[in-house]
Amino acid sequence: MLLAGIVAQAGCYTGLGDRNGGGGADGGADGSDAGDAGDDAGVADELPAPSTRLYRLTHAQWENTVQDLFFLPEPTGLAQDFRTDPSVGGFVFDNNASTLEVDQTLWQSYQRAAVGVAEQVTSDPALLMAVLPPDAGDPAARTQQFVQEFGLRAYRRPLDATELAELVAVFESAPPLYEGVDPFTAGVRLTIETVLQSPHFLYRIETSAEAAGDMIPLGQYELAGRLSYFLWNSMPDEELFEAAADAALADVDSLVDQASRMLADPRARGVVEHFHDQVFEVERFQNAAPSPAFYPDAPANLGDLATEEHRRFIEDVVFERDGGIVELLTSNETFVNDEVARLYGIEGTFGAEFTKVTLDPEQRGGLLTQLGFLVANSTTANPDPIHRGVFVAKRLACLNIAAPPDGVPPLPPGDGRSNRQTVEDHTEQPGSSCVGCHSTIINPFGFPFENYDSVGAWRVEDNGFPVDPKTTVNLDGDSMPIGSAVELAQALAASPTVHSCYLEHWVEYAFGRPVAPEDEAFTTRVGELSQAGSMPVKELLVALVTSNAFRNRATEELQ
Amino acid sequence: MNKMLRRHVLKGIGGTTVALPFLEGLAPRSAKAAGELIPPFAIFFRQANGVACAQDTDLGAEPERFWPSAEGALTAETVAGRALEELASHLDRLLVVGGVNMQDFNYADGHARGALQLLTARGPTVEGVGGDSEAAGESIDHRIGRELNADGRDSLFLFAGMDGWLGGPCLSYRDAGQRRAAIRDPRQGYMGMMGIDEAQFGSLVARQQSVNDTVRGQMQKLMGRPQLSAADKQRLDLHFSSIRELENSLSCNFTNEQMMLLDGMSPGYESDDGDAVLEAIRAHMHVAALAVACGYTRSVAIQVSSGNDGSTRYRNLDSGELMENYHFLSHRRASHDNEGALIENGDLLHHYVDRQFAQTFSYLLDRLAEYDLPDGSNLLDCGVSVWCNDNGSGPAHSSRNVPFVIAGSAAGFLRQGTYLTLPDEINHARMLNTIGSAAGLRLTDGSNIDDFGDPSLPRSPLAELLA
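Each protein sequence line maps, in turn, to chains A and B. Using my numbering, the letters of the first sequence map in sequence onto residues 7 to 565. Using my numbering, the letters of the second sequence map in sequence onto residues 127 to 593.
Bear in mind the hints are in silico, worked out from the structure with no lab data behind them. Be careful, since some hints might not be right.
Here are the simulated lysine to any residue pairs, SDA-like style, with alpha carbons at most 20 Å apart [said to hold, decoys possible]:
(1) B:LYS359 x A:ALA171
(2) B:LYS347 x A:ASP166
(3) B:LYS347 x A:ALA171
(4) B:LYS347 x A:LYS476
(5) B:LYS347 x A:GLU169
(6) A:LYS400 x B:ARG370
(7) A:LYS544 x A:ALA500
(8) B:LYS359 x A:HIS206
(9) B:LYS359 x A:LYS476
(10) B:LYS347 x B:ARG370
(11) B:LYS347 x A:HIS206
(12) B:LYS359 x A:ASP91
(13) B:LYS359 x A:GLU172
(14) A:LYS476 x A:GLY489
(15) B:LYS347 x A:LEU564
(16) B:LYS347 x A:VAL176
(17) A:LYS400 x A:PRO411
(18) B:LYS347 x A:ALA175
(19) A:LYS544 x A:ARG318
(20) A:LYS476 x A:PRO487
(21) A:LYS400 x A:SER445
(22) B:LYS347 x A:ALA167
(23) A:LYS400 x B:GLY293
(24) A:LYS362 x A:GLU321
(25) A:LYS476 x A:TRP464
(26) B:LYS347 x A:VAL174
(27) A:LYS544 x A:GLU172
(28) B:LYS347 x A:GLU172
(29) B:LYS359 x A:GLN110
(30) B:LYS359 x A:VAL176
(31) A:LYS400 x A:LYS544
(32) B:LYS347 x B:GLN360
(33) B:LYS347 x A:PRO164
(34) A:LYS400 x A:HIS511
Using the sequences and the hints given, assemble the complete structure.
In structure tokens:
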């Protein structure tokens, strides 16, 4: 078990629990262009988990896909009017396929958006030309070609003969429905309206159902869709479609080439940013509300500054430095402007623009010592070691910690004690319901950050006492003395558990479902590789898209 | 306006008429009683964090600032100094119910237990996971819509405020573990309801019919695939049933002036400024009133902010300044978890929040009351509007004595003008069965429902509340 090495206290660590994404399905027969079933040495025991066959596009994916489908210079902005999808308790990301449904409100929005896009495209000669085949003087042939080519790109797969005939009939029925529009343009417009409301556009659908051994290989176009929506959050491009048409994605080397090409594209940066925004709860950075009484010089836009630093750091580590989780957790290079530099205590001249700097390695190393994590997990007056510890334990070590009991009594006033002492006195009383979790997991992961106040600045004094960041953490089955937050970050970066946990997050994000027991073999194997070789995030993503789980479906779905 | 539409109109805001074509099959040529003209409905308006009421906390005794001073008839005297004072103009239409107790399901978090149980009367799908919880059943607003709305139309679920604890919108459930998406921008709620205007209607309807025919065919083929899981089929079913024909908006629309009003009130729907949030909620209330007036839905749930309303800063009614966020106030401490510094006069500041919710509920009642019916009654009388709360009080966030302030008799179904306290028992599910029955839900034998919520709970309607 991945988390077996973590010391668990009775009534505290609750294990993985029911994290199975479920979704077992019956069999079918639509895998005509299937690729390999995944026969790489060392990964034979890595099997896909049952999962949905219908991934409705997220609103961001809808927007990106429409932009790419029609070669628009910029997003339409229409998805801003789509109602927000509901969240799922305990799922970190915004793409849980089980909640990506189409209700009446969203259907109406899709309707309006389809009408709007069709009108926009057919009213602009340049845009219209981009989606039309050349006019060779035969409208019927041109219609056929348009429907075939546009349909392939919109459905992310070739149309079958029935679908082709259906859409051609739609095209040909259009002229009476548009007053003052020439018949061909009317056909294009109604076809676009129809296709943008089709389930084959709105969902990424996987119908493959032919088992090869103990897995169901995805069809080539299905695999291309998984790849592009994972790495670009959008539809495949021409080259990826061609690779699917040539069945090149069945070859792992070709798949690696495609993934590497796609990771070099700017669209991949948006995906990596969005992933880390959610893992590190960037939205919560905005909750930073240091009390003016304690922090009179705190920037009014502290949340914005922390967000900017975080995103620049992630992009720099992943794409400029080819770094991985080790660098994310330990690098003391970051980006500051004058306000952030002041909080970090950096001397020098800085302006409003962010520039790269190297921070004091004794004080700073990685995301957990940067502003965002620190200010998001502080009270208005003090650092919040409880929530800092909970975040590290749950999000970085993937520990499930039981929720606190209801009606927790309030933390008493400091009354001349340090912040740490107050928390210890309150949460580590022998025999209390708190002590199990707090003394062994939560507080040890939180106290090393006592050197950082509510605005993320370094401090050595706490209510008149010297800050005591020392603790002992239980990680990978070992008790480990820790002297500072930097040391804790280094210990986390060296932990196989943390690397596997990071992989678990990527698995959830890639598949749009909670991590399942079937994922453990992959996350453990690649987690160990990542830990041993400081694997760059980009390499890790390539490992993920070439995994059995990514290229196949589960045979349980056929039962 | 055509001949049919002229026959049945309601007076809307600003004296504007709202046509009622849906009554064509029901209404006689002469005016009838309200209950026969407008089928009953339920509008839920939810506040988080409990109310500021008499209680002893570890911070000391707090005075009564919410509940009336005496049971029985609601009068200006019995609500003097209470938050309910803000509803003074509607006292004769209120039924204030004390002693509503929720089941202490193991949500491991007072907010999750309150918010997720509030309209579902269900425990969690997984016990003990606190903020990661989901409710294990359908909510009453959804059931009312599912069973009573014309053509299977979804009930309205409206939200304003910031996401946060429990992921933002968390009141309305389609089924166990299946939250519904909320409409956040009031203008979107209105657009979804109104359909399209007459100028567009003729040209669009034939095209959309063509699109719908094609899409429905594609959906049916997909739904027939044997390898789909039950969950996939369920999602496709919802999608399929959501494909609707275009509806002519003449029956249900605001005037240009009303649209300008809605535009002006709506932008704060994603804000942590309490004034902006409540203004957007009031915009939602305009939409809700129009929606029930037009027969678009018989159920609306309006949620203000996240599971613990943890970022909204409401206004101090004394100083005029924005206060600390509401969740902090409800704990009387500058912390989401009872760790922070004491907030001076926290109970009074919580009371100010209660008053602003009361004012906002009053705004809803005013909007409903503006729709006059031919028999001299108004829309408010036809249905039931409920100001409810996840918790009994702050800072304890108790599951007991959870406030239910009900307005409108649902055409004579419920008592009015009274404050009463129920016997001490777990009776929250009974309350929801009462409200569901008031809104028109019935068992197959025609009797009031007693089957909503967790089967282990008492579920019979509360006779004390019936007229």
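Do the hints match the structure? See the list:
1. B:LYS359 x A:ALA171: violated (26 Å)
2. B:LYS347 x A:ASP166: This hinted pair holds, its Cα atoms lying about 13 Å apart.
3. B:LYS347 x A:ALA171: The given pair, whose Cα atoms are some 15 Å apart, holds under the 20 Å limit.
4. B:LYS347 x A:LYS476: Since the Cα atoms of LYS347 of chain B and LYS476 of chain A sit roughly 63 Å apart, the hinted pair is violated (cutoff 20 Å).
5. B:LYS347 x A:GLU169: holds (11 Å)
6. A:LYS400 x B:ARG370: violated (44 Å)
7. A:LYS544 x A:ALA500: The hint holds at about 19 Å.
8. B:LYS359 x A:HIS206: holds (15 Å)
9. B:LYS359 x A:LYS476: violated (54 Å)
10. B:LYS347 x B:ARG370: Within the cut-off at roughly 18 Å; holds.
11. B:LYS347 x A:HIS206: Measuring from Cα to Cα gives roughly 11 Å; hence the hint holds.
12. B:LYS359 x A:ASP91: holds (19 Å)
13. B:LYS359 x A:GLU172: violated (24 Å)
14. A:LYS476 x A:GLY489: Holds, at roughly 4 Å.
15. B:LYS347 x A:LEU564: Holds. LYS347 of chain B to LEU564 of chain A sits at ~19 Å (cutoff 20 Å).
16. B:LYS347 x A:VAL176: holds (18 Å)
17. A:LYS400 x A:PRO411: Holds, at about 17 Å.
18. B:LYS347 x A:ALA175: Roughly 18 Å separates the two Cα atoms, so the pair holds.
19. A:LYS544 x A:ARG318: holds (17 Å)
20. A:LYS476 x A:PRO487: holds (8 Å)
21. A:LYS400 x A:SER445: holds (15 Å)
22. B:LYS347 x A:ALA167: holds (15 Å)
23. A:LYS400 x B:GLY293: holds (18 Å)
24. A:LYS362 x A:GLU321: Status holds; Cα separation ~12 Å.
25. A:LYS476 x A:TRP464: holds (16 Å)
26. B:LYS347 x A:VAL174: Distance of about 18 Å is within 20 Å: holds.
27. A:LYS544 x A:GLU172: violated (42 Å)
28. B:LYS347 x A:GLU172: OK: LYS347 of chain B and GLU172 of chain A at ~13 Å, within 20 Å.
29. B:LYS359 x A:GLN110: This hinted pair holds, its Cα atoms lying about 17 Å apart.
30. B:LYS359 x A:VAL176: violated (27 Å)
31. A:LYS400 x A:LYS544: violated (24 Å)
32. B:LYS347 x B:GLN360: holds (15 Å)
33. B:LYS347 x A:PRO164: holds (17 Å)
34. A:LYS400 x A:HIS511: Answer holds: LYS400 of chain A to HIS511 of chain A is near 11 Å, not above 20 Å.
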